[in-house]
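Engineer: What follows is the residue order along each chain.
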Amino acid sequence: MTQAPALHSEVEVTPWREYFSFSTDHKVIGIQYLVTSFVFYLIGGVLAELVRTELATPQSDFVPRETYNELFTMHATIMIFLWIIPSLTGGFGNFLVPLMIGARDMAFPKLNAIAFWLIPPTGLLLLLSFFVGPASAGWTSYPPLSLITNKAGEAIWIAGVILLGTSSIMAGLNFLVTILKMRIPSMSLNQMPLFCWAMMATSALQLIATPVLTGAMVLLGFDLLVGTAFFNPTGGGDPIVYQHMFWFYSHPAVYIMILPAFGLISEILPVHARKPIFGYQAIAYSSIAISFLGLIVWAHHMFTSGTPDWLRMFFMIATMVIAVPTGIKVFSWVATVWGGKLNLCSAMLFGMAFVSMFVIGGLSGVMVASVPFDIHVHDTYFVVAHLHYVLFGGSVFGIYAGLYHWFPKMTGRMLNEFWGKVHFVLTFVGFNLCFLPMHVLGLQGMNRRIAEYDPKFATLNMVCTIGSYILAVSTLPFLINAIWSWLGGPQASANPWRGLTLEWTTPSPPPVENFEVEPVLLIGPYDYGRPEALVMTSAANPSLMGKPNSKAETVQPLPSREAEDKEGG
Amino acid sequence: MQGSSVNPSQGELNYSATATPAADHHSEHPDLRLFGFIVFLVSESMLFLGLFVAYFAFRVVTPLWPPAGTPELELILPGINTIILLSSSFVIHRADTAIKEKGDVKAARGWFLVTMAMGATFLVGQVYEYQHLGFGLTTNLFASTFLCADGFPWSSCICGAPVDVRCVMAISPTRSLFPNQSFWH
Ligand SMILES: [Cu+2]
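Residue numbers (this note's numbering), protein chains in the order written: chain A, 51 to 619; chain B, 600 to 784.
If you're looking for bench data, these hints aren't it; they were derived computationally from the structure.
Among chain B residues calculated to face chain A with C-beta under 10 angstroms, some are:
| hint | residue |
| --- | --- |
| 1 | LEU631 |
| 2 | ARG632 |
| 3 | PHE639 |
| 4 | VAL641 |
| 5 | SER642 |
| 6 | SER644 |
| 7 | MET645 |
| 8 | PHE647 |
| 9 | LEU648 |
| 10 | LEU650 |
| 11 | VAL652 |
| 12 | ALA656 |
| 13 | PHE657 |
Every residue gets a Cβ at the ideal spot worked out from N, C-alpha and C, and that includes glycine.
If we strip away everything but chain A, and leave its shape as in the complex, we get:
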């Protein structure tokens, strides 16, 4: 159909009550995830600002030292388990995967809702632990330290991690089945948008790695509450076994937090560069390779834990090998953007910042993978700098890029571009000011997880703290922009960015059943420049004619084109 059918004059707006209910609609659940996790992001951010305020001066003068330990422990726990993982997998995964593969919903909608509704109460439980003294042994919760500090808080922490892990396993199961079994018949795996490939790799990790963390938590819980001696050296137990079990999950967790962001970026760059993605299959298969390799590198976190030499050698090499598939992605993104007709909107700015910041985090990752260097910087601020370049410069920039890109699809409203750019500049400057100096601090030997430090580190720490305040301020333009635009921003058309993936063929926001007619693939997800792309993004797209919320144009395939598509793969 090259002609747009009658326009939907009335957009079906999901009533706000729906967002507070046990809805089984993947779009509602996706937004529930995103909003909930953003609230936890703000809470985790407040904790981070308290930590940075303490570190503004070398003396321990802002909060008691025990409180300091609680603050950084809860900061990490909230950011990892309640912000990045739920927003990337639960939020974007839920909203985008079914739309991108032309499905009406996830494979198991009820399971989906259960997985989400485990999160708010668990998050609340963790926050309530502040009344009894929360966990304070770091987010790694290494025994025997975790067995002798804040017992009640630690018990709550263990319960919380088990519950959040369960939610994550349920989500992973749902995504894997949905992606493998619910694509429209005309979409083969190799025609799937790259975000779906990334989600497939992520779900595999959630399913394989998370149960081992559950096992570790159960044993740790026994040690803590029943008095067994699995990890307690006093009773003959072995704390190193805990470290192995913990990192068997927690290294893959890094990929659970970054692979979906890789996927988002692979969607966003081609759209705003108006170019086909470079190396589709390379990006797709490298996600799978990362997922597999991610499972066999965990002990690089334990180079100083008495790990035998041959094992350190193995984990060092395996870790460095991961740089290969990751590098393939980075080169593909750069090649995608290279020579493109760049539309430097907020989504694209965050997307390109993602690539550059992640490269820094990736390179410092290769550095700490090397045993001799790691022994030098282990537990210093170098590691803190590295992980924040990966998880903030990577994951969080990716989330922001995704929010700017898909906000019109999710809400049917456009975000304000000016405030988007203000947000971007503040975030970019604040982030680098906060975390770049930490590399130097680490190399100079400043330990992490300490409330007071040698006065010679004072200047750089002050810079970090100022950067963190800028980062805190940077969320305000975004928050105000998002709320303001959601309530009364300009209406978004079905395809404001002229994208080619299926979610742009249905109105913004999509109707409850997603697609009025089961869509048929006319064109690959990144075939910019082909004649069909013109049909889909301009000629028949009323968005360019100023008519919002057009219907899908790709419902009827052109027979000759379909044959061509098959040849083209």
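Please arrange chain B with the ligand on chain A, whose structure you already have, making use of the hints.
Structural biologist: Using the frame of chain A, we list chain B with the ligand on its own:
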């Protein structure tokens, strides 16, 4: 499908969610529950694999295993008990064949009940065994690992029981027993 049992904290939730018609309002979809259940079993096996490897790690790093002063384990009763548990696998298989090949609901239900009875016998045997062990959960590392390695599978049986009971009620020639069967293994 082997080596699977369920974690008390998460198993039942996932199990019932995959075993009940989850995709109500999508009746036109092919049934994805079986595939979902297999994926769940893979995931869940990782929990047991993790605990199992931990057990071996403890064994390897402990100089004397079992540590000095641990009472001898009695082997005859647990042996009989294990045989009962293992043979119950064959019984549930009979239930499956009864319904698949002959469509015999009554026989299937019967075999299924026999399986559950065998499971119950096993549990009673375990309780008896624990009372006569001579060591408790916190005696030493050996005792802790032994009791946990031993305890997880059967406590998961208890969790699975209510689901199984519901399935007996729901047996019909169209419904496959496969999920229950693979779970039991
Ligand atoms: Cu790692």
